[in-house]
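Assemble chains B and C onto chain A, guided by the hints.
Protein chains in written order, with the UniProt record's numbering: chain A, 1 to 409; chain B, 1 to 538; chain C, 1 to 307.
Hints listed in this document are in silico derivations from the structure and should not be mistaken for laboratory results.
Treat each hint with caution, since some may be false.
Claimed, not checked - Just so you have them, the derived chain C footprint on chain A, three or more residues with Cβ under 8 Å:
| id | stretch |
| --- | --- |
| 1 | 31 to 38 |
| 2 | 47 to 56 |
| 3 | 85 to 92 |
| 4 | 174 to 181 |
Stated by the list, open to error - Which chain C residues face chain A? A few, computed with CB under 10 Å, are given here:
| id | residue |
| --- | --- |
| 5 | G88 |
| 6 | S94 |
| 7 | L104 |
| 8 | D116 |
| 9 | P120 |
| 10 | E145 |
| 11 | I159 |
| 12 | W161 |
| 13 | V163 |
| 14 | L164 |
| 15 | L231 |
| 16 | L287 |
Note that beta-carbon positions come from the ideal geometry of N, C-alpha and C, so glycine has one too.
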Amino acid sequence: MSSKRPALPRRGTARLDPIIAEALDARNTTPLTLGAFAALTRDRARTLGARALVFVLTLGASMLCALPFLLLSGADLGVTARAFFIGSLGSQFALAETLVQMIPLLIAGLAVAFSFHGGLFNIGVEGQLIFGGLVAGVIGAKLDVSPALLTFLCLSGGIAGGAFAALIPALLKAYRGVHEVVTTIMINFVAVYVALYAVSPKGPFVSASQPSATDKIPRDARLSVIWEGTRLHSGLIVAVAAMIGVWWLLYRTPLGFRIRLMGANPGAALASGVSVARMTNSTLLISGGLGGLAGAVQVLGVYGRFFDAFSAGYGYDAIAVALLAALSPIAMIVSAFFFAMLDSGAVQMQAVAGISREMVGVVSGLVVAFVAIQPAIVHLSGRIQRGNRPPEADPSSTQSLPLASGENR
Amino acid sequence: MSLEPPLCPAAIRLTGIDKRFGAVHANRAIDLTVQSGSIHGLLGENGAGKSTLMKILFGMIHADAGMIEIDGAPVTFRSSAEALGAGIGMVQQHFSLIGAFSVTENLIMGRATGSLAMRMVRRLDLPRAARRAQELSDCFGFGIDPFARVSTLSVGARQKVEILKALWGGARTLVLDEPTAALSPPEAEELYALLDRLRAEGTTIVLISHKMPEIMRLCDRVTVLRDGAVVGEAELSGKDLARPAVRQLIEAHLVQMMIGRGNPELPQRAPKEGPLILDVRGLTDGVQFGPLDLKVHGSEIVAVVGVEGNGQSELVDLLMGLRKATDGLIAIDGHNVIDWSTQRRLDAGIAHIAEDRHATGVADGMSLIDNASIGFVDGKPFSTGPWFLSLRQRRLLTETLIERHQVRPPAADIPMASLSGGNQQKLVVGRELARAPRLLIAAQPTRGLDVGSTSAVHRALLDLRAGGSAILLPSLDLAEVFAIADRLVVLRKGQIVGRMTAAQFEIDQIGRWMSGSQGDPAPGPPCPDAPKQMDTAL
Amino acid sequence: MSEFITLSLFASTLHLSVPVILPMLGGLLCERSGVVNIGLEGMMLSGAFGAVVFSYLTGNPWLGLGGAVLSGLISGGMLAIMSVLLRGDQVISSTAINLIGAGLTAALVPIIWGIDGTTPSVPKIPTLPLPLLPQLPVIGPLLGELSMIDVLAFALVFIVWWVLMRTDVGLRLRACGESAAAADAAGIAVTRVRIAAVILSGVLAALGGAYLSIVTLDLFQASMTQGRGFLALAAMVFGKWRVGPAFLVCLGFGLADAVALRAQIFTDELPHDLLFALPYLLALVALATFVGRASGPADVGKPFRRA
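Isolated chain A (complex conformation):
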């Protein structure tokens, strides 16, 4: 009787009950009716509308909370607002500067969001960005190859540098259960001092002509300017490509599914055959690589060399960028653009209204705070709408972020 041993499924085919497979085929051939399509579109529009509302409310609340401090500095609100818009959007040059600021914020935001999707808090994007920038700067200054190859090597080196910075936290998390928050933050500080050392007077990579920086990268190997007369460089294309790539990876590949599943429920991931240790490594390394890419693009596109203070805290603002976009890679272009406006507008606001650039950091923090309490706000407003009766469904269902946080997994 046991001679009838059923074969294992063919490679490349999911193991699926033939009855279900047939039902799938039947549905596959049924064309989407106009009504169904309309319903689907309506649903999507509604979700999109709800997300946009959350986005605007979070932003509005944060700005409102930052307002008292603007007033404290004695600034005229009208003047400040004017300065902000002129500084960020008021001219071709201003718009280009905003876009330049957006590039590292977008890529670093993707790095943060990617790890959050896997349920991991990579707070070390700043350090990964510094490592990535350093590696890119050193390769660009030291290697003598054709410009196109050099660009490629610099970007890849940046990614590798960022991934390297994430390696120790990844291994510690995957195999020792050490919470990644502590370790990635440690790496941030290590990165700062390593970068300081690398281009210090006695450092190995310091330029002979310029203190605290590496030698210049050959002009042809840098990211070219794509808007004549401004600083806007082809890093924008890299950033948008990274954005689409991250979206695809998360939502349209098996790897991305596994990472999201691990973020939503590591137990379920483990039970369905996902190696959580391996996924932890993959997630943090990819996230770190993105962070490194942000640094490399900044070095190659804006400064043309690495110098010790080249990051204006992009890795920290990226946390706000990612959370404001509710971790959606596509929505992140909006939140990154907004924070870029703050960054470029801040220059003008400082000059005209005397407002410190540091207010950007305050707004970041407030955005993160409001995202943190979002579930509670949604819960409360739902209660008020229902006439203060307890909720029917679990209120945690309103939380869109895959953060089964806290536990050491």
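For chains B and C alone, kept in the frame of chain A given last:
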């Protein structure tokens, strides 16, 4: 026929208690009177509203309407602390002990009185508290070491610590929520003796249970709940009750009230004999599990029963590759999978309905589509390599499962958390069946489900059996085992101590095996297992 | 080498470890009550800033300490509202505290003093020598390097240990961290205990910041805490959430810092910048060589809601 003179105020009187959770009407105008110094049973199936009622009494949740009287005086408890203060102690179904603390620390936590400043400065006198705990323990025969760390105690001992804790707080009324759910029969018997002794000392006890023998053994009076309402009461301590015939009559009547219907018709199943699918030999994790031999054939449901924590989870984890085996072999259709990853085992045709759905079965925050595609992200038609995973095919799969298993609401894009437990489980069962499993491990597949979902799950399992698959059913619910299993094995301390076929099912024998009152984990009775096929290539 | 390892090395070890010890105590109380707090860095910064502002406005450095306590109450209160009352994600909430703490203090410096970055000098806490003790043999000279403030800081270590491990209040607090549900069932007001613990952690971290700004130095500088709040967190994890071991780890960080500082004075051979990374590398190595898996209180990170 009350034990107390009617003039004496009842220890507890609940009047018109009403509570809704959204659409669920958990308690419907419940009246309940508990005489002091008696054991009062609260009988009902899962979800009948027993626990909700007692949580209301204990101040943990607040009733929408109704009144509570303690010793004749109306009270309102805003918190469990106030209930404790009024002399009510509650032993939860899920223990509320802290594993990292000692027994004594668990007893005294939150008890100290006095000003905040004093409590911040003064040293806790643990030795004195431990002495007192020892005295109390000795007085009632608890046999508990006050210095033991709770995480090192057995389940039975923890149950006693819970009771000790309630008494420590000066409780005159104890509410016990399914106290024997996780106990072996001898542990349960010890507990019954303890409760008898407490009653003799004048403690009032409310016993929440759905076990008839327990109710009959202990209670003076019983109230039956169904669907959140009181459906009947009965006196169990009269003279007539001594007569077995009367007892049986009352017992049958109570069961009738509790389930509201006769025993469910079992679908007639013709015994079939399929090929050997799962062959486990000498399986051990080198710690507390095994070595264990087990065979499951096609068209066969083999139940794994035993007191919780005797190796059921270990068996499932070892079979799924979630726990490392140090020795032995696991053959699926003749392939030895012992060194295979979980992924490969799934591919080889093992499917798994997880025991704890929220921990390992589903991802609450993800959509139905994502939940339905767990384990379906490799290979056509869902993915065509590492760089493409089709949303459309996953959506079609989800819609197919929703339709075939009547998941409500029928929407693929909503988060899993917005479904009821029963509907979540239907989707999980559908997902696992869609793998066309050779072997399905269904670990407690109906735990916590309502009647309708339970029968839907049972039907699905029987269909799979009819299709020739092998099913392993680790279950704590003997009624479920009797209803659908062809055979059962009893696990104790990680070993099989007894085997039975459906025709031989007998609850007393199973109970003795489970409790270990019949010898040690040894060969057991003649093994009706694995008649002839030994020709499996390995 | 003998001039390198001197009494003053030990003294500066103690001085440098105080601003890690205080936030470590705060973080430990917070996490033992069941709330993850990675916002110690932001709380320290706001404490350092509050101290300088109050010292500047009143001219009295002791009132500066009051300012630190006040800002600790505010930052701790904010975190308590977000993570305990509103049950927001604890890691995200405390990240917000870090960002706001760093941003707001840096932004307020130019508003108050009209200059960016570093404030002018403000009155600092005077070094009060200890009475009598320096006359003791052997350890006397070492004690002579310490001021009353240092001694108070070290006394806090003992006080926190005593309250946490030996009193009823500590037992309640630990119960909330091990199992909020069990604590609730025992009649402990979990939410209230956690709020108190979070606010207290804010105050302790703020005092750590004030130690830097008006005891060690006499000014505030943007990001002057240099990640000490995170080192405190690492010390707590490596000390397995126990006061004594975590205290020793803090002393280790202080020693690493002191060595780096002295190396800068004594030699030009060593790369100073890398030496300053020493405490952070040490923390990483410590976490990597951890014996067993790192696990905190069982219920840490889980917001509490009654079922």
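Now the hints, each set against the structure:
Under the rule that three or more residues need a Cβ within less than 8 Å of chain C, the assignment of the stretch 31 to 38 of chain A is violated, with 0 such residues. Evaluation of the coverage hint for the stretch 47 to 56 of chain A: breached, as 0 residues show C-beta separations to chain C shorter than 8 Å, against a requirement of three. For the stretch 85 to 92 of chain A, the assignment as covered by chain C is violated, since 0 residues bring a beta-carbon within under 8 Å of that chain's beta-carbons and 3 are needed. Residues of the stretch 174 to 181 of chain A with a Cβ under 8 Å from some Cβ of chain C number 5, which satisfies the need for three, so the listed coverage holds.
Hint on G88/C holds. Least Cβ distance to chain A is approximately 4 Å, under the 10 Å limit. A distance limit of 10 Å between C-beta atoms decides the matter here; for S94/C the minimum to chain A is near 9 Å, and the interface restraint holds. Hint on L104/C holds. Least Cβ distance to chain A is approximately 5 Å, under the 10 Å limit. The closest approach between the C-beta of D116/C and any C-beta of chain A is roughly 7 Å, which is under the 10 Å cut-off, so the hint is satisfied.
At a threshold of 10 Å, the smallest CB-CB gap from P120/C to chain A is about 17 Å, leaving the interface hint violated. Against a cut-off of 10 Å between C-beta atoms, the interface hint on E145/C is violated, since the closest Cβ of chain A lies about 27 Å away. Residue-level restraint check for I159/C is violated (minimum Cβ-Cβ distance to chain A is 26 Å; threshold 10 Å). Interface restraint check for W161/C: the shortest CB-CB distance to chain A comes to about 22 Å, outside 10 Å, so the restraint is violated.
The criterion of a C-beta within 10 Å of any C-beta in chain A is not met by V163/C, whose closest approach is roughly 25 Å, and the hint is violated. Here the hint on L164/C is broken, as its CB sits about 21 Å from the closest CB of chain A, past 10 Å. Taking 10 Å as the C-beta cut-off, the interface hint given for L231/C holds, the closest approach to chain A being about 8 Å. Interface restraint check for L287/C: the shortest CB-CB distance to chain A comes to about 5 Å, inside 10 Å, so the restraint holds.
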